[in-house]
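Participant: Residues per chain are reported as follows:
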Amino acid sequence: MYFYRSHVLVCGGTGCHSSGSADIIEQFNAELKKQGIEKEILVVQTGCFGLCEVGPIVIVYPEGAFYSRVTTDDVVEIVSEHLVKGRTVKHLLYHDSITEEHDIKSLDEVPFYQKQKRLALRNCGVINPEDIDEYIAFNGYKALGKALTEMTPGEVISTIKESGLRGRGGAGFSVGLKWEFTSKAEGQKKFVACNADEGDPGAFMDRSILEGAPHAVIEAMTIAGYAVGADQGYIYVRAEYPIAVQRLTMAIGQAREYGLLGNNILETGFDFDLELRLGAGAFVCGEETALLASIEGYRGEPRPRPPFPAVKGLFEKPTLLNNVETYANIPQIILKGSGWLQEIGTDKSKGTKVFALGGKINNTGLVEVPMGTTLREIIYDIGGGIPKGKAFKAAQTGGPSGGCIPVEHLDTPIDYDSLAAIGSMMGSGGLIVMDEDNCMVDIARFFLEFTVEESCGKCPPCRIGTKRMLELLNKITEGKGEEGDIEKLEELGEGIKIASLCGLGQTAPNPVLSTIKYFREEYEEHIRDKKCRAGVCDALLQYTIIEDKCKGCSLCTRVCPVDAISGQKKQPYNIDQSICIKCGACLEKCPFGAIVKG
Amino acid sequence: MSAVTLKQNEEKFSKLQLVIDQWKDKEGPLMPVLQAAQDIFGCLSLDVQKYISKELDIPVSEIYGVVTFYSQFTLKPKGKYKIGVCMGTACYVKGSQAILDEISKELNIKSGETSEDGLFTLDATRCLGACGLAPIIMINDDVYGRLSPGDIKEIIKKYKD
Ligand SMILES: Cc1cc2nc3c(=O)[nH]c(=O)nc-3n(C[C@H](O)[C@H](O)[C@H](O)COP(=O)(O)O)c2cc1C
Ligand code: FES
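These protein sequences, in sequence, are chains A and C.
Just so you know, we're using the working numbering here: the first sequence kicks off at 1 and counts up by one.
Just so you know, we're using the working numbering here: the second sequence kicks off at 1001 and counts up by one.
No lab work stands behind these hints: they were computed from the structure.
Please note that the accuracy of each hint is not assured.
The calculated lysine-lysine pairs, modelled on DSSO-like cross-linking and capped at a C-alpha distance of 30 Å, are [claimed, not checked]:
1. C:Lys1153 - A:Lys388
2. A:Lys388 - A:Lys90
3. C:Lys1078 - A:Lys467
Here are some chain C residues pointing at chain A (derived, C-beta under 8 Å) [to be verified]:
4. Gly1028
5. Pro1029
6. Leu1030
7. Phe1069
8. Ser1071
9. Thr1089
10. Ala1090
11. Arg1126
12. Cys1127
13. Leu1128
14. Cys1131
15. Val1143
16. Gly1145
Residues from chain C that keep clear of chain A, each with C-beta distances beyond 10 Å, as calculated [as the list claims (entries may be wrong)]:
17. Ser1002
18. Ala1003
19. Leu1006
20. Lys1015
21. Val1019
22. Lys1024
23. Asp1025
24. Phe1041
25. Leu1046
26. Lys1054
27. Lys1076
28. Ile1156
29. Tyr1159
Please read these numbers as outputs of a predicted model, since none were measured by experiment.
No residue lacks a Cβ here, since even glycine has one placed at the ideal position from N, Cα and C.
With the sequences and hints as input, model every part of the structure.
Facilitator: Right, here's the structure in full:
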């Protein structure tokens, strides 16, 4: 093995990959060769660093210089200045990563990372996910060794149970209890499965874990197999995640080669192997019984529970199903003991949670914080606040099953229970920030459109009920809302929650009910005053010309597709509201900013 | 069918047969076989479904039920370039609707349709997991992020030539 004097870590997560990090790696290698220092410096492609906003990201060690928004053109400079001459390229450094004196801060002093605690994401952005040796060098597979050689299956289960770990896939069920149920279920043949279907639009932590540290999931599933008595596992991945699939496939191959999967693992006589199965674009397949049906080759329709999968799951056999992030926590709990996790988090929610910060926020990306951190800390201290000086309006958590949280609840310490208490839920960890330009009725409509499309159609409350709700919301956003519509939405919503077969229907009304609860006046404005204060709902907008600003150039009349604008040259023009179709073409064209919508 | 296409077709079916042989004796073979078949043929026509039905001994009606359930399976061939506009929440709150409208205007097709020349298929997709770059679109495997409607014309042009 070579000893390298510098390591260049280039993010190969989806965000940075999409903006060309593969080319950057190639460029680095070519440039190092050109300078003849390719044997002194190692370029490593890692998983996601989390701060996707400023990607592509390159970090150079030992200095820890954090270069942001790097382009292939910058590579020459980094190599010749930093790697050859030892002078960091100041103007490319991420602005929050340097002190006022232009010194480099260590990563955990950068505001974005300061309040974070990276457990599930521990290896992401640190190791090369395609190399099992790097994972092993960071204590990888040590937990598996410990479980297989020093612990009985019962001890593994009680360690997990005592740690207080709850499922990260949404419902927050005790992980240890689920393992215990599966282990006690009757039957010789059992399965372990991993939910990597990540359906919440706006959440990408499972993807980043699979892409950044696939071995952690493999190790955890093998431990789970040992604990519950299964010799076969399945990972069900969304087909939309090609890089994750590729890295998992590679990782499974390496683990088999090292004797960490297959027969007689670590010569303990324990057999376990894994298989990948791909989804095919159905949100409902994230629901556990639908997911198992899909692996079996059927339509992904949920079925009533009980029997729970722990008793009767895949191919009718007892099956343990956990989420990717849940599994990513397991090896460390085994290594460090249950007490270690208990110290982190709140009374009833132990450990950390990864959130995907998105929407109207400065630092979009992935963050992992201890349970109990407040929304304000996540949005302002870590997320860097709202761009362009706009006002915060709401944070949406839990995706199509969750709700919108208004400003008055920003100081709620978040865990499973506190989020449920304010009408939202943890879900898988999508956290979308909305500002004054987002219309809450439109957002509710957006989520309902999603659930209507994704409802599998098996049970009428969900199939028909959500459709009726969507029709009402469409009516309101189109300016045709009537008195009583809000009450109808509430009544329907409550009914659907109670009567639906699976979690999809049981939670589908949440985005509507929570926005009615906190932003009722916006609904009322849409209905009574035919007004959308955010300027989103086209039908409620008026385009008008400000007389003082209009120079009478007639450009707008020429782009108007329906001839709604008239006037005399050099005189202020006028829009006939009865003809206007609100396409916005005139506003885009006007060189004087004389046309406004509102 | 001309002799050439007939031969191509035969080749495709023998490729499919290899996949089927590989999965036949495993549990739950239908999804992986359908996924491979769609890769090979570009879509899952009734002929392909019938072939799979015979080989795996699963009724065609059941296979058709599965094919029409999942949004990634398609009965009709798609365009050479598949444009997916992300309609996930992160992209939506950052204006992906306007991006979709712009592409739709540019290509004169609605979401779900294929252009007459068979070049483009436009789809509104679920979150693509690159929310940090919102709003984003994907054209086949290429991702374009941090877009505004003004960028669309130029991007499409690259694929037209
Ligand atoms: C409609 C619906 C969609 C779901 N989608 C996901 C998902 O994408 N990922 C996930 O891990 N769990 C999802 N779940 C939760 C799973 O049913 C299940 O509770 C979870 O995977 C169990 O793992 P955990 O206990 O480790 O969280 C979904 C549930 C419902 C009702
Ligand atoms: S919401 Fe568009 S990539 Fe996630």
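Participant: Please flag the earlier hints that this structure goes against, numbers listed from lowest up.
Facilitator: none
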